[in-house]
Structure formats: C-alpha cells, structure tokens
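*Asks:* Each chain is listed here by its residues.
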Amino acid sequence: MTNDSLLEVQNQSQFSIIRFFGFVDADLVRQAKSVIDAKIPADCPNIIIDLEKVEFLDSHGIGLFASLLKKVHHNNGQLIFAGATAQPASVLDIVGFNGSLVTYCEDLQQACSLLEEEKKDH
Amino acid sequence: MKKHSAETTSETDNSSAPTFKLIRSTLVYDDMHVIRKEVSDFLQLKHISKEHIGNLLFCLTEILTNLVKHPVRKADHIEIKIDISKTQANLEVLDNSTPFANFNAKCEIALSMLHAAITKAECGYGLGCILTLCKKPVYLPMNSRPDSLNHFRTFQNICSTESTAINSEQRKKKIFLVDDDPISLQIHKRMLSDIYEIISFENAMDALAAFAHHKPDLIISDLVMPDMDGIALRKALADAEGGDTMPFIFLSGHSDHENSPYISHLGVDDFLCKPVSSERLHTVLTRLLHRSKQVRDSVNGQFHHDIKELLKPSLPENYGAWKFITRYSVADAGGGDFILHQQTPENLVVALADVMGHGRQAKFFSCVYAGYLHGLFRMHTKTKDPCFLQYLSRHMDGDLLLENMIMTCQCLKFFPEGTLKIASAGHPRPIHLQGDRAKMVDVTGPLLSLSEDHFYDIKSIRPKRGDKFLFMTDGFLETFDRHGLAAQKLLKLVQDAPSSSAPELADYLWQEFLQKQKKQPLHIDDATIIIAEYGQST
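Protein sequences appear in the order of chains A and B.
Counting from 1, one number per residue, gives the positions in the first sequence under my numbering.
Counting from 1, one number per residue, gives the positions in the second sequence under my numbering.
Looking at chain B on its own, in the form it has when it is part of the complex (with noise of 0.2 Å):
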C-alpha cells in the first residue's frame, strides 16, 4: 500500500450522534480499500445493518472514484464525514477537485436510463445506482459553498422497518420556520412543535441547502433578511426539485409588502403579519396543508389513471380454435408493459413487450414507446417480413427512438388451425401446459439494442386440443423468485394449479401473483400475464 501525506482522523464515541471523520489531502485508485474499511467497521459499530452498510459504501466508492479518475483540476483537500443519528446514517464528502457540473440535471437523465445504459456503454451507471440506492442525495459545486470546498452528501434510513412504514398521513408533517431573528423563531417554533416537526434556520442559505435533503411540507420565512432574503429564497426554491409547488408563507413584519404586486406573482401561499396568534398560524397551516395534498391526489390520481388506460392490454377473447385470457396490473412507476395485436383472416399477430425504466418518467415514456411501436406493427403487418422483431433489428439503425427503448418483446402468431409461431427478445421463456406436464418452450433471443439486424429464431408448435400456453412479463415472472429460481417455481406451480381450465388457471396463478407481491412492495412492475388456449372454433 502506498503512504500518502495525509491527516486522519477518526472520532468515535457513545453519545446519541457518534461521528466517523477522515480527512486526506491525496487520493489514489489503492486507497479505496483501506477507506471502505475504516467506513465499514465504524459503521458496523454501530451496528447498523449490512444493506445499510452496503449502501453507503457504494455511494462513498462512486465519489470517490469520481475525484480519482475525473476532475481536471485534482482535490487536495478530502473529508469523509459520518454520523450517525437515532433514525438516519448521514455521509458527507467534501472536496475541492473541479465541481462536478449539472448535478441535478445529470440526476434526471441518470435514473431515467439506469436502465438503458446496460445496452449502450460501459460505464454511467454510478449516479443512477447512487440515487437508487441512498437518500436524497446532493451535491453542492464549491461556488455555492462559504468553505469553497465541493458538499456530497446522503443518508441511509436506520430506523426500523416498521417505524419507517409509516406512511405520510401519520407522520408529522415537517415544517421549516426561516428568520433571523432567533427570538421569534423560537416563538413560532413553541407554537407549533407539538402538532408539527419543526426544522428552523437563522438564514435562508441554510433552508435552501437543506431543502433538498429534508423535503419539508410546508416552508414559513422571514421576509427581510441579511444575504438572502426570503424573496430569493422563493425564488431559488422555484428552481429546485419540487421546490415550485411547495407550499410557502411570508411571516414578517413588514405588512406593507403585503399588497406588493411583485410577492403576488413569486408563488406565495399566503402573506402573515407579525406579531400572529397561534391559532391563526394553526388555521393557515392546515388550509395549506390540506389543499396542498387535494391538489397533489389528484395529478398523481389522474396520471395513473390515464397511463392504466393506455396501457390496458387489448386481445380478443378468441381466435379461430384459439381462446385467450390476460391479466394485468399497472405499476405508479418504472417501465410499462403493453400488448400490441393484429388480426387477419390469415392469422392473429400479438407482440407483448416490457419497456424497461426507472421512475415516474419512464412510465410516461413507455407509453410513448408504446404508441410508436404501434405505428411500426401496423407497417410491419403490411409486409412481408415473418416477424416483427426481425422488422425492428433491420430498421434499428439510425432509429433514436429504438435505439434507446429498452424493450423485451415477445411475438406470437396464432393461425386459425392451430400453429402457434413464437419469437422472443429477451423476453421470459412461455410455458406450455400439456394435460398435467408443464415446460418452457425454448425460445430466446437477444434484447432488440443489443444486437442490430439480428436473425431471430421462430419456434413453431402445433398443439392439441386443450393445450394451454402462459405468456409473461418479467414483472409477473420475478415475483415468484428475485434470486434467478423463478422460472422452476413459476413451473411447478403451473404444474400444481388445482385446475386446468384457462380461465380457473389465470384466477389462480393471478391470486398467487398478488399474495407475493404485496410482500415485495418495494419491488413493484408492471406485470401481464396472457393465457392462450388451443380447443375448440368458435
């Protein structure tokens, strides 16, 4: 190991907020060990739990790596900072290389293609893992900082998992009180502590830095204040996320600005004059609060409620001898799975895609991706080409749209006689259902951006008369197992199902679906499942 000039200090002790620090003036590729190892064994100290751990780990090594391979302009000065309150475990590195730039743009872009980027390169993976996987975090360049020195931090919430199951309705709502006058702060701070968790600041510097981490509910400032006043605050609020429809309220003494024209239009809630009685400021707060969370319902509701409908899977309930079944559930967030069809007298075309994403974003991108692919089925339909993810690898180049949709995709086409023809990208392996035996069909092929004008194969089975086939999404398929066994479980259970009419099978395996995952709620996709039965003609 190489020794490097530098100051090290670490502070452990028992009081209620127990602190790790490190300070370094270099910082090289072989350091990275012994510093996971100082973090790691005073965390595991404190006995905080190996998740935890292992969290924090990866965001410090992605930082850190960052200032070791990246900046133009190297740090000399390091500092690693921990500490460790009864509920959170907070890390912070500060630094002075070259700012990273765009922060928060960069954060957007990051969790929108965490995704993605698995097809496309081999590295940009580290900020998207990093907000996955820690709490809030932020990045404050050194221009922004009194200290000149670059601030990441984040934390690990340490609490138990019951405690921090609570959900937003019970907990107290968080408050920031901003003023500089502390004799007041601590005035309104008594009023409304009991009924609120109040976070108060002295300057609104400290609020907007703060901001971030915290997300309050509710902001109350001090209008005229030394450096920052509240009117800049409200206005470098509009600039961070979910700072612009946060609800803000001027509490200041200067009641003549109360009428201005020019606080009319910054986006305030409300204008109260000092000295306010406590049942006014009650009475405000809780107007606030509720309209605040009506408003906030109801754009979540009415989203979800339109990508639920654009995204509901549409099949016929039957085909020549072919019936179909499908079930599906729609997630709030991540990637979307749809179902796109085509019927002829010739034969019956499904595609069943899964677009992969992360967060509220990619839900709003798949349906896009969804209505695009649409237009390319119904081009494709026209053609002469026997399968459509053959169409979109040949028309991938140059395409922006396909190049950068993450999509496993499955093609059926049912023929009225009976032949079934399968191709897949990607996509989980169908199961055929043959009296009581149950097995995969073995038909796989490569995700669509991985490979350009790949030759898909076409599996082709002719069924009997009362075979079944289940068709899936990943979302359906990996709540019966995270760890890779999914597949045998899924197929034993297909096997085990008490009964083998279709519509009795997709109730069963559909309840099971829902019994797993309401224990996995942090994993939540979009799951559809498609039932296809060879009987009868209708």
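The shape of chain A in the complex, shown without the other chains (with noise of 0.2 Å):
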C-alpha cells in the first residue's frame, strides 16, 4: 500500500483502491495525478475509488474521476465508487456519474466483494 497522505492507492490482483481523505479539490488533484499515474497500472481493470472520508468534491476531482473512467473502460473494466454520501454524492450524481457509467457500493468491503465475486464468475 502506498500512502502518499493525500490519498493512498493499493494494488490487488484485478483492481486498484485509491482512497482519497477530507477535500478532493484542484490543489489536491494537481498533487495527486503524478502519484496515481505512478502507482496504478496502465492495464488495470477496475478501480475502487473510496470516498468515505471525503467530505467535500469540486469539479476538478470530478475531471480526475473521468479520467480514471476512461482508462477502466479502455481496459474493459469498470469503474466503483465506494462510501460516496453528502456532498460528493450530490456532485457525482449532477455530472452524470450514473449506474449506467460507474458502479455505487455502500463502503470499500462491499465494493471489494462485489469484484471478488464476478472474478468468480469468469
């Protein structure tokens, strides 16, 4: 697990968990792109991105989702986010981060199962 105190990220085997704590904001974004780009894996499918600490969202982090988004779905994999509420949820759900686009769990365990079981599946 790489903890760089803006956000951690941690690899599993088919997915990635970056979990982001209080503000995710363009101060925080610009920080934060280099250390993403370096520790997740080009060809990572699925992404985890837990908000649960987060408490407050702004459009730059939304433009830091997307990007994620599209590398999940270039890999043919997917996009969840786990413990989004308040605010972020708020956000998330004016720009069009729908059930259709990305997958909404309830907290980091749930979407962590939700993984385990479809590799399962295949």
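What the hints contain is simulated information worked out from the structure, not anything from laboratory work.
All of these numbers come straight from a predicted model, not from anything done at the bench.
A hint or two may mislead.
As the list claims (entries may be wrong) - Heads up, simulated DSS-like pairs for lysine-lysine below, C-alpha to C-alpha not over 27 Å straight-line:
no., chain 1, residue 1, chain 2, residue 2
1, B, Lys46, B, Lys81
2, A, Lys119, B, Lys459
3, A, Lys71, B, Lys459
4, A, Lys70, B, Lys518
5, B, Lys492, B, Lys518
6, A, Lys53, B, Lys46
7, B, Lys489, A, Lys119
8, B, Lys439, A, Lys119
9, B, Lys136, B, Lys106
10, B, Lys69, A, Lys33
11, A, Lys33, B, Lys37
12, A, Lys119, B, Lys492
13, B, Lys81, B, Lys106
14, B, Lys215, B, Lys173
15, B, Lys86, B, Lys172
16, B, Lys173, B, Lys274
17, B, Lys135, B, Lys274
18, B, Lys106, B, Lys189
19, B, Lys459, A, Lys70
20, A, Lys53, B, Lys50
21, A, Lys70, B, Lys519
22, B, Lys215, A, Lys71
23, B, Lys323, B, Lys274
Since each chain sits alone in its own frame, please combine them into the complex, following the hints.
*Replies:* Below, the structure is given as structure tokens:
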C-alpha cells in the first residue's frame, strides 16, 4: 500500500483501490495525478475509489474521476465509487456518473466483494 | 499554512440579515481550506442545512479556484460576502482580476454539455455544476460595474420544502417598479403591494443587474431617467435570458411618447400615462400577466407534445414467437430515450437508446440525435455488420455528431425461432425471468464515445418458452435507488411480482416505478421499458 498523505493507493490482482481523504479539490488533484499515474498499472481493469472519508468534491475531482473512468473502460473494466455520501454524492450525480457508467457501493468492503464475486463468475 | 497580507473581517450578528464578509489581497490554493472552513462555520452557526452549505461551498470553491488558476491579471482584491435572509443564503464574490468573458454564452454551453463532458475532458464541469447546484448565478464583469470589480453572485433557497413547493400560480407575482422619482415609486408600490410582490428601483442599472437574480413576472418602468432610461433598459433586457418576452410597461409623465413608432417597435406591452389610477393599473397588470401565462403554457405545451410524439417508442407487438410490451414516460427536460427497430424475415433488430443531457435544450437535441441514428440504423441493417454498436464505434472517428453524443444503447436481435442476441454500450443490464427466477444478464460494454473502434461482446441466449426479458433505460432503473443499489432492488421486485404474465408484469413494474417517481420530483428523467416474452408462434 502506498500512502502519500493525500491519498492511499492499494493494488490487488484484478483491481486497484484509491482512498481519498477530506477535500478532493484543485489543490489535491494537481498533486494527486502524478501519484496515481505512477502507482496504478496502465492495464488495470477495475478501480475502486473510496470516498468514505471525503467531505468535499469539486469539479477538478470530477475531472480526475473522468480520466480514471476512461482508463478502466479502455481496459474493459469498471469504476466503482465506495462510500459516497452528502456533497460528493450530489456532485457525482449532477455530472452524470450514474449507474450506466459506474457502480456505486455502500462501502469499500462491498466494492471488493463485488469484484471478487465477478472474478469467480468468470 | 502560508501567511498573506490580508485584511479579513468577519461580521456576524443576530439580526434578521446576518452577514459574513472576508477581504483578501492575495489568494493561493492553500487559502481555500481556510476560507471554506470559515464560510462553513458561519453557515452552520446560522443553521443552514448541510446540502445548502455544500452547494454554496462548491460555487465558492469553483470561483476562487478560477481566480487562482486562470486569469492573465491576478486579483489583488477578493471579497467574499454572504448574507442570510429569511428565505435565502446569498453568496457574492467580488474581484479585480481579468474578467471572465461571455459568461451567459458559456452558461448555455456548460449546461447542455454537463453530462457530455464526462467522455471528453478532464475539465469543464465547474460552471455546469454551479448552474445546477445554485440558483440563478449572475456574473457582471468589472467594466459594467461602478466599483470596477467583477461581481459573481448566487443564492440558495433556505426556506422549508413546504414553502418552496408553492407553485407559481399560488405565489404572488413579482413586479419590478423602476422610477427615478421616489415619490412616484412609493405611490405605485402602495397601489400594488397588496396583490403583488413589488421590488422597486430608483435607477434602471440596478433593475437590470437584479433581473437575472429575481426573474420578475412583469416590469413597470419610467421612460425618462438619468444614466439609463427606460428605452435603454428595455433594449438591454432583450439580450438577457427571458428578458425579450418579459411583459413590459412604460409608466411615464411624457404622454407625447405614447404614439412614438420607435417605442412601438421596442417590444413594449403597454404605455400608461401618469397619473394612473389604481384600478387602471390593476386592470392592465391582470390582463398582461394572464396573457403572458397563456402564451407560455401554449408554447411549452406544444413543444412538449411534439417532442413526446417524436420520441414515442415504436415496436411491433409480435415477431415470430416473440411478444413485446413497452411502457415509457417523457420528461419535460433532460436527455431522451428512444427505440429504433428494423424488421426482416430473418430477424428483428431493436436499439434501445438513452441520450444524456441536461435542460430543455437537451430534449431537443435528443430528437436530432434520434433522427440521425435512425438514418445510420437503416444503413447498418443493409450491411453485414453483426452489431450496430460495432458499426457506430467504427464510424465514430471524424463524425462530430457521434463524437459529441453521449448515449447508452442496447442492441437486441430477435430471431423468429427464439434466439436472442444482446450487445450493450453503457446501458443497464437486462433482467432474464425464467419461471419465478430472475437474474441479470451479464452483458456490458463502454459508452460509444469513450472508446473508438471498440469490439462489443454479443451475448447469445436460447430462451425457453415462457421466458421473459426486461430491458430498461437508466431513467427507469435509477428511480428504484439512486445510490447504486437499483439493480438489486429491481431484480427482487421482478422476482416477487404477483403475476407472471408479460402484460401484468409490465403494469406492475410501471405502477411501482410511477409511485417511486412521484417521490423524486427533482430527478424526473425519460424512462422506457421493453418486456419481451418468448412463447407460442403467432
């Protein structure tokens, strides 16, 4: 697991987890991009974004998530948001991150279980 | 945290209009957290709900980030003001950086492209979100302001849900009274304030600035005023959103202007001469407001009817041993659902599509896209390409309409002997109901514009007689849960449905959907379902 204080990145065999904390805004995004690019494998099919500890999400955070969505779709995988509530959930809804594009899970555990089950099915 | 030479004042009191004010001479990224916290603390003290605080903080963050990130000339005066009235939390940001150009034009693009932006860029969401989260944001560049500061403002309605739910018929109509003569202003205000909500202005510039914020139902303006006269006000309103069709009356002591051909061509609804009686004023206002409503209802009604007709799904009731039932509802605004089909003796090809979008414009564009896709669909069925999605994906490059169309789509191919083939581009998974057992069909694929020349998997199913399939658009699915659990909930609902006949299942699911939709008035989207049942040959 990598912890660069802004975020934590954890790579598993079939997916990666990015855990954000506090404020996902322009300031965080400009620093987080290089960390994510370095830590997440280019061919990673599935990414879980853990938003449980996120209080605030701005449009730059949405931009970052859009780039991750492109990445997983390119690899025929999926993007899962775990634990999104309140303001972050509301902003995700507005920009159209809906059930057709991404998967929502109540928490990280549910997201991991979902991917594990899908792995078994295949 | 970096320290800056900043003058910061924070004023709060217990009066009916508590205010917050913060002035800075510099702004960097590190300041954002501190400013957000100060604003958040203030709003919490005033018992503003978390949702409204979140929305205001979002707007504030976007505006301040813009000031840090983009301007050619950095601001050395940044002023944040918040005032709380009984019904509103108002946010204002004033600055002297390079002004934001063409705000109104950018607003229109931002809103219509809000969803589209997901597939295209890693930026460009801010303004669209501001327009969605906050009420009537207004931006006045420094060259239009006496204080030479750029001025952004927006607000949140903080009154209870019950009071905001008062519909436009029940609320008092809002009238702008513009007159440089304070006595005249008082007289007319007194005549009207029992029936109307009167907002008065002693100069036309202030009325114009407040127009987008308050959106009145009618404007009464004096003709001759210093700085900006009534004619200039009328002309300026013609360029403002909703201003050209706003009922407008001149109330002037200069009766010689009444028959001026110039004024007749300005788009003025009436010309009243001072002194005017209360009775006459009320008669004119009642007539104009009534007529304005009639025209508005007629235009909206016709538009909605036409769109609904254009997007109406069309599918044969039977094909071979297949029977089809569709249900749909068309929302007033947002993207649109549509169904395309092409029938030959060999197979029936169906495309169930959902074009994403926001606002009334998106509804119009859905029809444009539906027409365009219909043409491509017809062309595709003449080729040997096995999958329409594949065909679209291959022809994406250089096709501006396709590249900008954000659409989920499911392509279904029904064969008379029973085989069903499904391919999906970002569309909700269908449900397969076999006896009393329901399961999701594992068929997925990326949105078309996310990946050029993508190879879409085609799922082939051989159903048993009596098997049913539920195909749906997102507007239907998400009504059952907006936090990612909709598929599980719908699956259970299908499994527990009291009857297994296809028409009864369709009615049952549609009733459940309508009941849930009623409880979510802010999330109404187009919704479509197709139930396909494999049974006896007709």
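*Asks:* Hint by hint, say whether it matches the structure.
*Replies:* The hints, checked one at a time:
Restraint check: the Cα-Cα separation between Lys46/B and Lys81/B comes to about 15 Å, which is no more than 27 Å; the hinted pair holds. For the hint linking Lys119/A to Lys459/B, the alpha-carbon distance of about 18 Å falls within 27 Å, and the restraint holds. Between Lys71/A and Lys459/B, the direct Cα distance comes to roughly 24 Å. Compliance with the 27 Å bound is thereby established for this hinted pair. The suggested pairing of Lys70/A with Lys518/B is violated, with an alpha-carbon distance near 34 Å, which exceeds 27 Å.
For a cut-off of 27 Å, the pair hint linking Lys492/B to Lys518/B stands: about 21 Å separates their Cα positions. Distance hint between Lys53/A and Lys46/B is fulfilled; the C-alpha atoms sit about 25 Å from each other, no more than 27 Å. Between Lys489/B and Lys119/A the CA atoms are separated by roughly 22 Å; this keeps the pair inside 27 Å, and the hint holds. At roughly 18 Å between alpha-carbon atoms, Lys439/B and Lys119/A fall within 27 Å of each other, so this suggested pair holds.
Distance hint between Lys136/B and Lys106/B is fulfilled; the C-alpha atoms sit about 14 Å from each other, no more than 27 Å. Simply put, Lys69/B and Lys33/A have alpha-carbon atoms about 17 Å apart, close enough for the 27 Å limit, and the pair holds. For the suggested pair Lys33/A and Lys37/B, the alpha carbons sit about 25 Å apart, so the restraint of at most 27 Å is met. Distance check on the hinted pair: Lys119/A and Lys492/B sit about 23 Å apart at the alpha-carbon level, within 27 Å; holds.
For the suggested pair Lys81/B and Lys106/B, the alpha carbons sit about 24 Å apart, so the restraint of at most 27 Å is met. Between Lys215/B and Lys173/B the alpha-carbon distance is near 10 Å, which keeps this suggested pair within the 27 Å criterion. In summary, the hint linking Lys86/B to Lys172/B is supported, as the alpha carbons are separated by about 17 Å, within the 27 Å threshold. Proximity of Lys173/B to Lys274/B is assessed by CA-CA distance (about 23 Å); at most 27 Å being required, the pair is judged to hold.
In summary, the hint linking Lys135/B to Lys274/B is not supported, as the alpha carbons are separated by about 36 Å, beyond the 27 Å threshold. This hinted pair does not check out: Lys106/B and Lys189/B have alpha carbons roughly 37 Å apart, beyond 27 Å. Annotation: proposed proximity of Lys459/B to Lys70/A holds, straight-line Cα distance about 23 Å (limit 27 Å). Note on Lys53/A and Lys50/B: the hinted pairing holds, with a Cα-Cα distance of about 16 Å set against a maximum of 27 Å.
For the hint pairing Lys70/A with Lys519/B, the CA-to-CA distance comes to about 34 Å; that exceeds 27 Å, so the pair is violated. Of the supplied pair hints, the one linking Lys215/B and Lys71/A is violated, its CA atoms being roughly 43 Å apart against a limit of 27 Å. About 71 Å separates the Cα atoms of Lys323/B and Lys274/B, which puts this hinted pair outside 27 Å; it is violated.
Checked against the numbered hints above, the structure breaks hints 4, 17, 18, 21, 22 and 23 and satisfies the rest.
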